[in-house]
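K.L.:
Quick note, the sequences are listed as chains A and B, same order. Per our numbering, the very first residue in the first sequence carries number 1; after that it's consecutive. Per our numbering, the very first residue in the second sequence carries number 1; after that it's consecutive.
Don't read these hints as lab results, they were simulated from the structure. Ideal Cβ placement from N, Cα and C applies to all residues, glycine included. Wrong hints could be hidden among the right ones.
[Claimed, not checked] Derived, one-sided and incomplete: chain B residues facing chain A with beta-carbon distance under 7 Å:
| hint | residue |
| --- | --- |
| 1 | V78 |
| 2 | L89 |
| 3 | G142 |
[To be verified] As a list, the in silico DSS-like pairs of lysine-lysine whose alpha-carbon atoms are at most 25 Å apart:
| hint | chain 1 | residue 1 | chain 2 | residue 2 |
| --- | --- | --- | --- | --- |
| 4 | B | K293 | A | K381 |
| 5 | B | K293 | A | K394 |
| 6 | B | K293 | A | K401 |
| 7 | A | K196 | B | K17 |
| 8 | B | K10 | A | K396 |
| 9 | A | K237 | B | K293 |
| 10 | A | K376 | B | K293 |
| 11 | A | K161 | B | K293 |
| 12 | A | K151 | B | K17 |
| 13 | B | K293 | A | K383 |
| 14 | B | K17 | A | K396 |
| 15 | B | K17 | A | K394 |
[Said to hold, decoys possible] Far from chain B by the CB rule (all over 10 Å, computed), these chain A residues:
| hint | residue |
| --- | --- |
| 16 | L17 |
| 17 | I45 |
| 18 | H82 |
| 19 | E105 |
| 20 | S108 |
| 21 | P186 |
| 22 | I187 |
| 23 | E206 |
| 24 | S279 |
| 25 | E328 |
| 26 | S425 |
| 27 | M451 |
| 28 | R457 |
| 29 | D501 |
| 30 | K527 |
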Amino acid sequence: MKKDVVVRFVGSAGDGLVSLGTLFGRILKKHNLNVLGFRSYQSVIRGGYNTYQIRASQDEVLSVGEEADIIVLLNKHVAKLHKPAVNKGAKIIYDSEVIDLDEFEYPSDIVKLEIPLASITKEISKLKILKNIVGFGAIIQILGLDETLTKEVIFEQFGRKGEEVVFTNYEALEKGEKFAQENNWPIVWEKHKYEKAQQMLISGNEALALGMISAGLKFYSGYPMTPATSIVHYLTKHLPKLGMIVKQTEDELAAVGMAIGAAYTGARSATGTSGGGFSLMTELIGMAGIEEIPLVVINSQRAGPSTGMATKTAQADLFQVYGASQGEFPKVIIAPCSPEESFLVGIEAIEIAEKYQVVVIILMDLYLSEQIATIKDLELKRKNTRFGIESNPKSKFVRYKITKNGVSPRTIPGTLNGMHFTGSSERNEEGTSLASTLAGLPDTLPIREAMVEKRMRKLDFVLKELPEPEFFGPANAEITFVTWGSTKNIVKEAILELKSDGIEANHLHLKYLNPFHTERVTNLLEKTSKTICVEQNFTGQMSDYLRMKTGISVDAYLRRWDGEPITTTQVVEKAKEVIGNE
Amino acid sequence: MSDGFNFTIKDYEGSFKPTWCPGCGNFSQWRAIRQALIELELPPEEVVAVSGIGCSSHMPNFLNVYGLQTVHGRGIPVATGIRLANPHLTVLVYGGDGDVYGIGGNHFLHACRRNVDIITVVSNNFVYGLTTGQASATTPVGTITRTTPRGSIENPLNPITVAISAGATFVARAFSGDLKHLSYVIKEAIDHRGFAFVDVFSPCITFNKNQTFNYFRERVYKLEDADHDKEDYFAALDLSNQRFIKDKLPIGIFYQIEHKTTYEERDFSLNQGIIPAQADLELTDEQIDAITKEFY
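Looking at chain B on its own, in the form it has when it is part of the complex (with noise of 0.2 Å):
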């Protein structure tokens, strides 16, 4: 660490203490964020947390950097404005698999082939916690939930093998259980250039007596560990859908490349260092000679 930056996890922490059931895997999450932000030296004010609508949603009341949370599903356009506006800031969305996979889709597809450079946390924990247990789009074939009371009959979406897909540029899973893991793959999300996606095996243990804890410690097995090119995009596909092959669940980096420009360095504007946010609002003259030539 060098010198001058002296934030303590505690720096990070807001003012209102989270509100999770006691043991939810939400709260290693909240420790994983604050620490791979200091490990990384990004000052609290040049963070912004955004989220949407859910139990792991309210992630950004908890931290004191600059947090925003949206309604239902809408964390990622937010962000992508966000970013946008102003490239110099990290932002990080925070939801969970009903927010972010479900009625939130749709803006997790593009962002996955967008890239633009801020990182998406899902704390996936297979049902809907908030409103007290029902399926969602990862919620595993035959579970009963309350709105599945003879067993869901519907497909579970894979994350992972969607943001692969899809584009990402940075594809990871994680694990509540394993904190110090979970703090190193969402400090190299952040650290990543371009769109990185992290999902999180995060049990809710209040309405999900199926994906417990130990359900996931008895599965899963580090990528580090194992012989895995991360730059290889059929492999991270093959290893995406191991779940459904040998109940073995890996967690770590799938997938990474570094060399697709990003969405920024695309953009006319922000690739000349233009900040929208702190730009001058007065035009010149040759400004709007330009803009209203055609009208002549």
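For reference, chain A alone in the conformation it holds in the complex (with noise of 0.2 Å):
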């Protein structure tokens, strides 16, 4: 039996194709198997040409595959576009009495597999959305699923709207696997007992937030841009259980300033994103920098510039966040790679941004947030202690004292003898302005100097707390591959692959961008011997950052930047023609 199988469903957006890829999902997480799940799509609220990919394995999925084992399409529209990018021996699954493949002369090396859903459907309901549960039926029976798992996450889905629902879906399903019985549709996947599991099945972005609201996050705002939209969906959705504020504004400027000030009065705050909002929120970024509010912010990557694809994906804004506001403030930058690793960085950013009163910048990408995952375990469960805020001063209340990590105590609105004036230009250790009438001052030029050295230190501090980045493989192979973000298990599926071409390769992936660790790095890449830094940008800004920060430039470069993401063959492709021009 084939490890893994990769599911395609190909529709218009009107067609649910979201609703049914994340069902299948939920079918195969059911069963106990790894899945991945990622749809690609465009700007279009009806019609046009989307793909909903899923891959399952009884291993770890590490990309969402490239060559389908089986295609749905779901209309006419699609089926005439999808044929470039059909592969060798695909099992296309359509509906007969809608799609006449013929017609689109699709190449003969596939298996087509016609299913009149219509006339079925109409057999048990008026209901045409039963459809989709035929078809899964039919899907189920090639894969060799179980049925009563697969009825378990129907009653699920559909259970609050009433037993004569439930048992017309059964009905649907069980006619879907009839009819792929009695007509012998090939299998896929021989039947065999499944255990029922215990996993989340999860998009980046919803770790993120789950992350997040685990480590005591009681304010978000956000103003709606794609991909960074299904964290404040979610939030909302749960904000009564949790008594949060979770705030739609105006702009970014308003998303940003408003997160601000809750942090300022001491609840964990965060705001999200992607460039372009981003972009809005820069000047207030700084201003929390200087004055030292803990703020989280996410910016999730798409492709860009400007509206670039708004529904595509990209690593094109490092460079940005990096950069991001005038002058000089301690900023900390963390690409997480997977929806579990969201999860883990969401609970990360939250204490490094209140522990430190630092900016922490969350560089997702429309692949992560996107992408829906399965995982085993999260624990939600902490303490969540507070740090550094002083809640009984004796008197007057010296908000920026100087101290050997540069983070001051501070107070929070509302405590007794806690008042004190916090501005956006520089100040000495009471928060009086210096830029009113004292700057330039003889007296002022050490204050000045003190308060930069100050909130820069913080850096020093975090760096020491963050893990050194992670170092995959045997010391001496001949290809040394270079990931940050979302590309990392996309490379190591390439590695494994690699290997059993017999090419050994090894992998530095960088999750802390800011601070970074950069004596650990300079050390890893003097050594290596072929490097090649993948990315989903067009300029290779992690190789530059790479230059910049160790000085060592890097021998190859993988890049990509259509707003697909990249694929286990590119990257497989490219070690071997960089082995080859040696």
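Please assemble the complex out of the two chains, which come individually in their own frames, going by the hints.
P.N.:
Given below as structure tokens:
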């Protein structure tokens, strides 16, 4: 039996592709399989050409895969458009009453699986939407999945709509199974016994939100922007149970402004957007920096510049966030690689922000934010002790006291004797602005120097807390891959493939981008033979960043900027090309 | 004044003295704000003064309350975040016409319709003072400034009309040359339930030779002395446009309604008395089940 299976649904916006993909993902998840799903779509509400690809395996799933075992075509329009993307041997399922594949001259090396979905559905109910469940029935039949487990998922999905709806769906499922069986559809996976699983199926954004909640997030503000919006959706849905504030604002200036206001007042706060909204937030991010207000900002990158390609992925905002806002202030940048890691980074970001009174930027991307993946276990229960909040100051409070690690105790409004002034201008320890009358006076020069040093010093202490970059594989491999963020697992998969071809590669993955483990990374890169930096942009931002931080230039690049995630095949081919060039 | 509240005007004074030009209209607002806080018996630790950038935005520097100066135009959203994180605080936004009506105009509109219980006081001097005299959103047509040497060709914004139209529940105007009335209006604004807005005619004695103290003294009259029903929406709108009709400038409360629910009263969490800034940060098992159920 082949280890994994790739199923691709192809439809238009309005076909319910997301619910279809998620529901199918949940069926696979229920079978204790590892699942990864990703939708490729356009910025239209109705029509267009979208795909939802899901891969399932008993092993770890590192990418959504390339060639599909099963392709489900949902309408005639997409049937025509999808032809060039069809791979050899694919089993193509489609409604024979809607689509005539011969009309589009599909290649002969595919397997056509026709099913009269509309007629079968009509036998059960007037509800046309049931045809999707009939289709699922046929798919679980050829995948050898368990009918009872599948019905459990259907029950979870439709149970609240009443018994009749549930039974109608069961019937639709059975009809689909029976049709595939009676028409001798080819089996992809042999039937076998599955253990029922207790695992989550969750998107990158949802996992990130869950992490922040677990760390005590009490305030989130945002303005809708793909691909960050689903964070607001998830939080808004659950705010009644959480006793938190989720605020949709008039623009991203207000989104970051409100998050800063709430953070200053003592609520653990975050805001999120994509590159365009981040541009608007930039000035206030600098303000949070100089005012030393704990703030978490999420930038889920998409293909830019400007509106760019709103529904396509990219890793091209590294320098935007690194350089965000004028002047110099401590800024922590973390790029998670998977939904599971997004959860952990959510916790870490909230804690670092409060502990060091700094801005923490979480650099996601569309591919990571929107992928759904199975996760075995997340620990949400946390004590969440507060950091650095003085609740009982005795006399006139000195807010910006110079300390060894640069972190000064703070008071939050409402605290007796805690009053102080916080300004966006440079200040002395008491908080009095140097800008108005004191700037440049001989006495104030050392104050300015000390204040800048105090703030920047925090990064040295943050760095000591951060785990060193991960390095996988044998030290003396002929190839070294360097990745950051969401491309990690794709490269991991490629390395396994290369190994089976007899090529050894190792892998340096960068998660903490600022502060940077310069010494460790320099040591590693000095010893590698051929280094390939893999990233989703045109100019090679991480290559440049590495050179800036370590003085080392990587030997080769794999860059993709067309908006789709880099594929395992691209990585493998790049490695072979680089070795061949030697 | 009740027993136990013995704060004086000095207690609200910051250790750093105002840096405005001698004779600046902002001085009387500095006094009026403190006077209003005392009369309302609001102790300094329960007050947050938030501002943007500009001469007037220096205000929180000079007050002994929690003071937060933001960047240009962003006082309102930051103040909104403060108030939503802890609705027990009195949150006062202070800024100029450039700050609130110009660069921060969008936030002003949305604060009016949102009705979060914060107070916005705008020191309106019809000019950019801190950048040494350029036209602002309220500069009248024909005014010569350093950026309009041939006279301003843009129509000015009427902040009172805008605020009423945008849904503010307390809309008032005051004059820096009348401290007593100014203190009264600011006190009423702070006391109001919902978003309160006060536009203050506050002459810039250095860069504005047109809208001077004398200019206003000759034109202002108090609505409290006139027969004005402040709950009458259309009368308020009508009055707000009076300057264009009779060259008479009403000051006082144009519009105030108390029956509209505030944002805090409508918000699911705040309505239940939750204070996000002080909430328990540990999730209960029930909460964890509720928020993760959909993923299983």
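K.L.:
Run every hint past the structure and note whether it holds.
P.N.:
Structure-based check of each hint:
| no. | hint | result |
| --- | --- | --- |
| 1 | V78 | 4 Å, holds |
| 2 | L89 | 5 Å, holds |
| 3 | G142 | 32 Å, violated |
| 4 | B:K293 <-> A:K381 | 15 Å, holds |
| 5 | B:K293 <-> A:K394 | 47 Å, violated |
| 6 | B:K293 <-> A:K401 | 45 Å, violated |
| 7 | A:K196 <-> B:K17 | 71 Å, violated |
| 8 | B:K10 <-> A:K396 | 15 Å, holds |
| 9 | A:K237 <-> B:K293 | 13 Å, holds |
| 10 | A:K376 <-> B:K293 | 14 Å, holds |
| 11 | A:K161 <-> B:K293 | 17 Å, holds |
| 12 | A:K151 <-> B:K17 | 74 Å, violated |
| 13 | B:K293 <-> A:K383 | 22 Å, holds |
| 14 | B:K17 <-> A:K396 | 17 Å, holds |
| 15 | B:K17 <-> A:K394 | 24 Å, holds |
| 16 | L17 | 19 Å, holds |
| 17 | I45 | 24 Å, holds |
| 18 | H82 | 30 Å, holds |
| 19 | E105 | 43 Å, holds |
| 20 | S108 | 42 Å, holds |
| 21 | P186 | 33 Å, holds |
| 22 | I187 | 29 Å, holds |
| 23 | E206 | 7 Å, violated |
| 24 | S279 | 15 Å, holds |
| 25 | E328 | 17 Å, holds |
| 26 | S425 | 7 Å, violated |
| 27 | M451 | 16 Å, holds |
| 28 | R457 | 24 Å, holds |
| 29 | D501 | 37 Å, holds |
| 30 | K527 | 42 Å, holds |
Figure legend: structure checked against the earlier numbered hints; hints not met, in rising order: 3, 5, 6, 7, 12, 23, 26.
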